Amino acid sequence: MRLFDLHNDIMTSLLALDEKKRHMQSFAREENDIIYAIWATKLDCEKFREYAKFLCDNSFMFAIEDAGAVGMCLLDNPPPNFMYCSLTWNEDNVYAGGAFGNGNLTPVGKAFIDKLNKWNTPVDLAHLNSQSFYAAADISYRPFVSHTGLASCLSYPRNISDSQVRFIIEKNGIVGLSPVPAFVPGGNSKGYFYTINYFLDKFGGDHLAVGSDFYGCAPINNLDDYESLTGELYCNTAARYGEKTARKILYENAHNFFKVHDESVY
0 MRLFDLHNDI MTSLLALDEK KRHMQSFARE ENDIIYAIWA TKLDCEKFRE YAKFLCDNSF
60 MFAIEDAGAV GMCLLDNPPP NFMYCSLTWN EDNVYAGGAF GNGNLTPVGK AFIDKLNKWN
120 TPVDLAHLNS QSFYAAADIS YRPFVSHTGL ASCLSYPRNI SDSQVRFIIE KNGIVGLSPV
180 PAFVPGGNSK GYFYTINYFL DKFGGDHLAV GSDFYGCAPI NNLDDYESLT GELYCNTAAR
240 YGEKTARKIL YENAHNFFKV HDESVY
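At position 213 of the sequence shown the residue is numbered 212 (numbering that gives the first Met the number 0), and the sequence of numbers has no breaks.
These aren't lab readings, by the way, just hints derived from the structure by calculation. Every value quoted in this text rests on a predicted model; they were computed, and no experiment measured them. Any given hint could turn out to be false.
What the hints assert, rightly or not - Computed beta-carbon distance windows for the label pairs:
#1 Arg1 <-> Asn220: 22 to 30 angstroms
#2 Asp17 <-> Asn220: 24 to 32 angstroms
#3 Ala110 <-> Asp223: 35 to 43 angstroms
#4 Val107 <-> Tyr155: 21 to 29 angstroms
#5 Arg165 <-> Lys114: 20 to 28 angstroms
Stated by the list, open to error - Keeping only pairs whose Cα atoms sit at most 30 angstroms apart, straight-line, the calculated DSSO-like set for lysine-lysine is:
#6 Lys117 <-> Lys258
#7 Lys52 <-> Lys258
#8 Lys170 <-> Lys243
Note that the Cβ used here is the ideal one computed from N, Cα and C, for glycine as well.
Using the sequences plus the hints, can you model the full thing?
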């Protein structure tokens, strides 16, 4: 069973670049589709460009996390494997308010979203606070959330509310739920599947996907690699909602969302 992972942080892990490449090539051999995020918050332009060049040269799909940190470094014509961009990390920046901040979407942030719209590039609303979330989602042509939890299952600043989920669905976006201990009840696999099941019962299976956040934080035990995450999620979902829904969550929803992006012309 294939997995489409919306968010993997290996690029800004402490691994050496050659070791990162070895892991990424291994993931590719497993026929998983993975978007590698460049967490830009603590990078200068030189390092950012180094990482972006590495990903482009090796044809890996990539995204930018916290564009406010490197906005002036972005190319006017992004490469086809640049898949999406988030405005902030957890704090406020020149673009918007982060999940742990109090800011709102700024005029500079609105102009940046206009640029992403021109490129037909999705805007990742992960890490935004509520007011920035709605403001950005309202003007983005293709908003989605790459890696999050649900506030109805566990109250946490990074988790999104049911109304935020509905807003994303209304704009034909997807939500990637993450096996991150801080995002789910109990910090374990039971809590993760509880969150998955809550989403499916409340919103159905057409807008749910997976954002692992692997290498970005300590994972949940027994869901800490692609083989275990894919296998456990498939079994949990197929048993309760059927194989078709399991395939949608693991791969098809994300693939179809980004297929529109792939077909765009820069």
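Structure-based check of each hint:
1. Arg1 <-> Asn220: 22 to 30 angstroms: holds (24 angstroms)
2. Asp17 <-> Asn220: 24 to 32 angstroms: holds (29 angstroms)
3. Ala110 <-> Asp223: 35 to 43 angstroms: 40 angstroms Cβ-Cβ, so the 35 to 43 angstroms window holds.
4. Val107 <-> Tyr155: 21 to 29 angstroms: Given range 21 to 29 angstroms: holds, Cβ gap about 28 angstroms.
5. Arg165 <-> Lys114: 20 to 28 angstroms: holds (27 angstroms)
6. Lys117 <-> Lys258: holds (17 angstroms)
7. Lys52 <-> Lys258: Answer holds: Lys52 to Lys258 is near 23 angstroms, not above 30 angstroms.
8. Lys170 <-> Lys243: With a Cα-Cα distance of about 23 angstroms, the restraint between Lys170 and Lys243 holds, given a limit of 30 angstroms.
No hint from the list above goes unmet by this structure.
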